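Using the sequences and the hints, build the whole thing.
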Amino acid sequence: MTLRVNDLKVYYQTLRGDVHALDGVTFDLADGEIMGLAGESGCGKTTLGKSLIRLDSRMRHVGGTIELDGKDVPIADDNAMVPLRYHEISLIPQYAMSALNPTRKIGRMVDELLRARGVRPADVADELRRRLELVGLDPDVLNRFPIELSGGMKQRVVMVISTLLDPSLLIADEVTSALDVSTQRAVAESMVEFRDRGYVKSMIFVTHDISLVYQMADTIMVMYAGHVVEKAPAGTVINEPRHPYTQMLIGALPEVGTTTVQGRLEGIPGTPPGLLDPPTGCRFKDRCPMAFSKCSEQPPLVEIEPGHWAACWKTG
Amino acid sequence: MLELSHVHKVYRVGAFGGGRLRAVRDVSLTVEPGEVVSLIGESGSGKSTIGKMVLGLFRPSAGRITFEGTDITTIRGHAARKEYYRRVQGVFQDPFSCFNPIFKADRVFEMVRSSYFPRTSDAVWKDKVLDALATVRLDPGNVLGKYPHQLSGGQLQRLLIARALLLDIKLLVADEIISMLDASTRIDVLNLLADLKERGLGILFVTHDLSLGNYVSDKSVILRKGAIAEMGPTARVFDNPLHPYSRHLLSCVPQLHRTWAEVDAELEANPPEDVTLPTADDGESAPLIEAEENHFVGIDQG
Numbered sequence: 002m003t004l005r006v007n008d009l010k011v012y013y014q015t016l017r018g019d020v021h022a023l024d025g026v027t028f029d030l031a032d033g034e035i036m037g038l039a040g041e042s043g044c045g046k047t048t049l050g051k052s053l054i055r056l057d058s059r060m061r062h063v064g065g066t067i068e069l070d071g072k073d074v075p076i077a078d079d080n081a082m083v084p085l086r087y088h089e090i091s092l093i094p095q096y097a098m099s100a101l102n103p104t105r106k107i108g109r110m111v112d113e114l115l116r117a118r119g120v121r122p123a124d125v126a127d128e129l130r131r132r133l134e135l136v137g138l139d140p141d142v143l144n145r146f147p148i149e150l151s152g153g154m155k156q157r158v159v160m161v162i163s164t165l166l167d168p169s170l171l172i173a174d175e176v177t178s179a180l181d182v183s184t185q186r187a188v189a190e191s192m193v194e195f196r197d198r199g200y201v202k203s204m205i206f207v208t209h210d211i212s213l214v215y216q217m218a219d220t221i222m223v224m225y226a227g228h229v230v231e232k233a234p235a236g237t238v239i240n241e242p243r244h245p246y247t248q249m250l251i252g253a254l255p256e257v258g259t260t261t262v263q264g265r266l267e268g269i270p271g272t273p274p275g276l277l278d279p280p281t282g283c284r285f286k287d288r289c290p291m292a293f294s295k296c297s298e299q300p301p302l303v304e305i306e307p308g309h310w311a312a313c314w315k316t317g
Numbered sequence: 264m265l266e267l268s269h270v271h272k273v274y275r276v277g278a279f280g281g282g283r284l285r286a287v288r289d290v291s292l293t294v295e296p297g298e299v300v301s302l303i304g305e306s307g308s309g310k311s312t313i314g315k316m317v318l319g320l321f322r323p324s325a326g327r328i329t330f331e332g333t334d335i336t337t338i339r340g341h342a343a344r345k346e347y348y349r350r351v352q353g354v355f356q357d358p359f360s361c362f363n364p365i366f367k368a369d370r371v372f373e374m375v376r377s378s379y380f381p382r383t384s385d386a387v388w389k390d391k392v393l394d395a396l397a398t399v400r401l402d403p404g405n406v407l408g409k410y411p412h413q414l415s416g417g418q419l420q421r422l423l424i425a426r427a428l429l430l431d432i433k434l435l436v437a438d439e440i441i442s443m444l445d446a447s448t449r450i451d452v453l454n455l456l457a458d459l460k461e462r463g464l465g466i467l468f469v470t471h472d473l474s475l476g477n478y479v480s481d482k483s484v485i486l487r488k489g490a491i492a493e494m495g496p497t498a499r500v501f502d503n504p505l506h507p508y509s510r511h512l513l514s515c516v517p518q519l520h521r522t523w524a525e526v527d528a529e530l531e532a533n534p535p536e537d538v539t540l541p542t543a544d545d546g547e548s549a550p551l552i553e554a555e556e557n558h559f560v561g562i563d564q565g
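Quick mapping for you: the protein sequence lines, in order, are chains X and A.
Here the working numbering runs 1 ahead of the position in the first sequence, where the first position is 1.
Here the working numbering runs 263 ahead of the position in the second sequence, where the first position is 1.
Bear in mind the hints are in silico, worked out from the structure with no lab data behind them.
Nothing here was measured: the structure is a model prediction, and the numbers come from that model.
A hint or two may mislead.
Distance ranges between label pairs, derived from CB positions [to be verified]:
| # | chain 1 | residue 1 | chain 2 | residue 2 | range |
| --- | --- | --- | --- | --- | --- |
| 1 | A | Val276 | X | Asp127 | 33 to 41 Å |
| 2 | A | His520 | X | Ala81 | 56 to 64 Å |
| 3 | X | Asp139 | A | Ser442 | 30 to 38 Å |
| 4 | A | Asp458 | X | Asp139 | 47 to 55 Å |
| 5 | X | Ser42 | A | Pro364 | 17 to 25 Å |
Note that CB positions come from ideal geometry on N, CA and C, so glycine has one too.
Here it is in structure tokens:
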């Protein structure tokens, strides 16, 4: 088991009180697993990704534990996290295209980054070139400035840099959202290739695009308002979702080939609850057509069949 | 109703404007009342430039854009332009930056009133606003008197569409209006476009997302590097893509029930027949060939 997250709670501190962005998140990630993390904006998916590597000044670790390869990850202690970052846990940030330093040639930037992490650039120089070629880039990009590359090229450069030290866990946050469909496919496929070659042991792929996750992930975890609502193998989430939220979310996605002539799809009425003062019980109950009296208690995340977890009283 | 005929747009690029970039190349298309036309393309395909030219924000470098028979570049003067915008309106990608955060969100309605309907009485205007809100399926109690930060992206986007409906519009240019919305509210805005279409509005729907383009539109136009690659009835374009670029694009779209590997295997098993593509040697024109009835293919740009 690579990663084990147990009852993780991370709150944002604001002037008006704590925002419960992650409120008891529990999941396991196996070796070699690519997990797609999906949900609407504000559901806590980016917060979860960030919590695993670095809490920023507004984020507070309230409870819960994280274990990576059997060792505890001390996320609340910023200094103790330093040796883990990049070596064990690495992140491709949400706007990776602007993550490159515009004033440095890419090769020099990589050297500086490696030295800062205590690695001699010469030791990994060959590997770096090989991996750039693997994602279809000419190693000559190292002598260029970021402005000379297209969006898709920058994205692939960042991907290669992030995984250069073979981290155990890679967090990819909306890495393909700003790309065109054909580039999106190329980037997604190279990420799978990196996993297959063992450059990264396991990966959390954060996205709002469920159909993209279905193409590349082994499992999909759906979050809603700071809670995990469902986690299952990708095919199961798409074809036989059990939680009402997942069912409605997938029902609202138009596909190539769907037109209004064949009947209209329906959205989910209402909006997600505010997390400053979250409602008690199931957080989806106000928008859920199946809600009943028991939903005022919080449903536990239970394994309804092997590998398929859902948090709903109706499925349990 | 709206007709573009051999429209070009050339931008000056580079530090001193010495370079030239042909953003739109020889595009001809029409939008009829009650018709949704999707302009689909990747970044840099010129789709937004076309939308902006129709809205009169840019002037075409060559070619004619006519709306109900008038060439829109001949519209001069404040009053005449105002009349044009009474009938043609745009809604854009980012609803959050369309509102001034200092004022309440429904101020956009007041702005329309003060410039277009200064003589309308309060009661009549209120009915008109409520009517427009009902069309976009917003509950007036939830949105009127609220500040932009209190509303969701979907609500703000629908407010902007309601604002356009207050005018007597015939054509709506919808430029990537749902790319910033969440999956659960996206479909509501798309369904709203279908409602508007039934009321006889012509919609030019600009998008980069092929599955969304497919859902509402009657006619699809796939653009590549400024020129039309393929144009035809939506069902034909998506069921039987003829241009190699459209086929490539469609094979890259992530689908919900089929993986990329399955799509590739299917293409491999039944390779589509090649069609003859038109050629253009001058680097400027972009002729189309009618491969089937009303289904056109454009030049091959490699």
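Self-check item: Hints not upheld, ascending by number
Solution: 2
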